[in-house]
Amino acid sequence: MRIIGFTAFTLLCYAVAASAQANGHLQIHYLNVGQGDATLIISPLGETMLIDSGPFSASNCAGPTGIVTQLTAIGLTHLDYHVASHYDDDHIGCSDHVLARWPVQRKALDRGTLNPPSTQTYTRYVDAVPAIQRHATEFGQDFWLDEMAAAPVRLEVVGVNGNGAMGSLTERDRSIVLALHFGRFDAVFGGDLTGDAVHDIEGVVAPTTRESEVYKVHDHGGATSSSGTWMAVVHPKVAILSVGNPNALAQPTQAALDRIRAVGAITYWTTAGSGAPAQAPYDIVANGTVSIDAAFPALEFTVTHEGMSDTYMSWDSERETRQDYENDEKTEVAVFRPSSGSWFFLASSFGYTASAHHSWGIEGDIPLSADFDGDGLSDLVAYRPSVGTWFIAYSSLGWSVTNYGVFHWGGFPDDVPMPGDYDADGKADIALYRRSNGTWVIRFSSLGYSASAYGSFGGGGTPGDIPLTGDFDADGRTDRVIVRPAHGTRTWFVATLSGGQQNYAYQWGAETDLPVSGDFDGDTQTDLAVYRPSTGAWYIRFSSQAYSYSGYASIEWGQPGDQPTIGDFDGDGKSEITVYRPSTGQWFVLFSSQGYSASSYGVYQWGTPDDTLIK
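Residues 3 to 617 in the working numbering are what the sequence shown lists, from first letter to last.
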């Protein structure tokens, strides 16, 4: 979703933001340095990273519109990290001027000394960087801004020196590729990486990255950049094109623009360039710096150019409905009453006081909730085990009895319905977990749920395994989980699609614990949790701490018989701890924004003992 606004107030806010370094948000400034690249990242607490410094000339470096002047105008006071994506002049030409004004405080990152160029530009760069601070990056490394803060910014090296590609590589092929992660926002910076037929380095690096909100266009929109493979994986909402006007390379090229437009991205240009013309509504020529601003948990981000601002939803927040039936980005309280086949909701926008009632279904149906049509709202689902049929009532059609989809598929007595977005297309897929053999059978929405278009995964499970889902690697795809009670403990087996369906096992929890999963720390990765009915205690292992034994929270809250559930009830991007008490029809919600404090919770008296939780 894109929301566009331009007012005098917006312009004033931008002027204030541009004059101060830290504003409590993530800022990314794509500077207008002509035919080159220079990007300044400012963390919410004011730590900084500069990626590249533009082409060399006296005016480009220190002139009235040069990079030193631009960084000074933004309010730069210090530089924590300097990154040379690669050693071409248009990327490190002014590095000596920048580092003379702002000596690097922590590390100067580059691709190392493998096959260095014999150019004056490279020599000036080496002379400007103290040897003790120069650091050759390696694949898989992480660098952090605000590392000790509650909302840090992570920069991950997902590519460098072609990621081991064979053959003779060009300097462009050796570019460092950085992926930035901040809450639900991701951005990728890849220098002059290309995807030509000889060395498709974009194709080599693509599997190591993931869908991102913002993509800095490789190689200034050169003919072999932004390959189909790369764009299919990164699938940006926004692409930033840093290009000079004029330039001798006739960039950007039509071929690159066509591939970017094919995924629906909106491209912001620092200038009009000298190649293919901008085309509305895909392209916006800023004729200046383009800036990104995102406040944690980054449910949305803003692109500012020439005093105007466009706001976009992040992919994760647009797709993750959290049982959101009214489009307010908060979970609604919902139950299914088998005796009447009715669905009841307490609307979060009314403080969980006003109920909505939809009569649809029969006793014995398994109630579920997921977004099957990609409109950002949860749809109602009844899975009928007796006939293996899915009944989906779409929220976009008003949950009407006459407007629903019926899919006859399943029917094994031990099938467990587990819908989720397994292919990251923004729509929930129909999925079953078959207890008898531990196999997941998935019909993909992108293929129309057809009988011939499904995947079968896993096997080797046991009848006592408990299936769960979640996004444990934050790649936008639902991952498959089984929890196995054995010998007084529980073992979690997590299969992530981005890891080649590799299983990760975590032995943790008592045999009688009820396993649940959710994002309790707002880092967009699913955390492991168990609810212990005997004591009413919750134990949470955070993905940000690698699910370690020492990295968990214990919250003593609840009573025997309570049913645990998870949702984001206050819209802060973190899961709340919730129990439903069937004996009284009460919901108890501990809000993450208030620290899960025993004194800070909501109680909602609503429901009957025979109601079933919608999950």
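Keep in mind that the hints were calculated from the coordinates and are not lab data.
Errors might be hidden in some of the hints.
Estimated spans, in silico, between C-beta atoms of each pair [to be verified]:
(1) A60 <-> A138: 43 to 53 angstroms
(2) S388 <-> N165: 43 to 53 angstroms
(3) A24 <-> L116: 30 to 40 angstroms
(4) G309 <-> S59: 46 to 56 angstroms
(5) G166 <-> G366: 50 to 60 angstroms
(6) A512 <-> T74: 31 to 41 angstroms
We put the CB at the ideal spot given by N, CA and C, even for glycine.
Outcome of range test on Cβ distance (A512, T74; 31 to 41 angstroms): violated (59 angstroms)
So the hint says 43 to 53 angstroms: do the beta-carbon atoms of S388 and N165 match that? 51 angstroms Cβ-Cβ, so the 43 to 53 angstroms window holds.
Supplied distance hint 50 to 60 angstroms, evaluated on CB atoms of G166 and G366: holds (55 angstroms)
Can you tell me whether the CB distance of A60 to A138 sits inside 43 to 53 angstroms? Violated: the Cβ-Cβ distance is about 30 angstroms, outside 43 to 53 angstroms.
A range of 46 to 56 angstroms was offered for this pair. Does it hold for the Cβ distance of G309 and S59? The hinted range 46 to 56 angstroms is violated for G309 and S59, with Cβ atoms some 28 angstroms apart.
Would you say the C-beta atoms of A24 and L116 sit inside 30 to 40 angstroms of each other? Holds - the Cβ-Cβ distance for A24 and L116, about 36 angstroms, lies within 30 to 40 angstroms.
Of the numbered hints listed earlier, those contradicted by the structure are 1, 4, 6.
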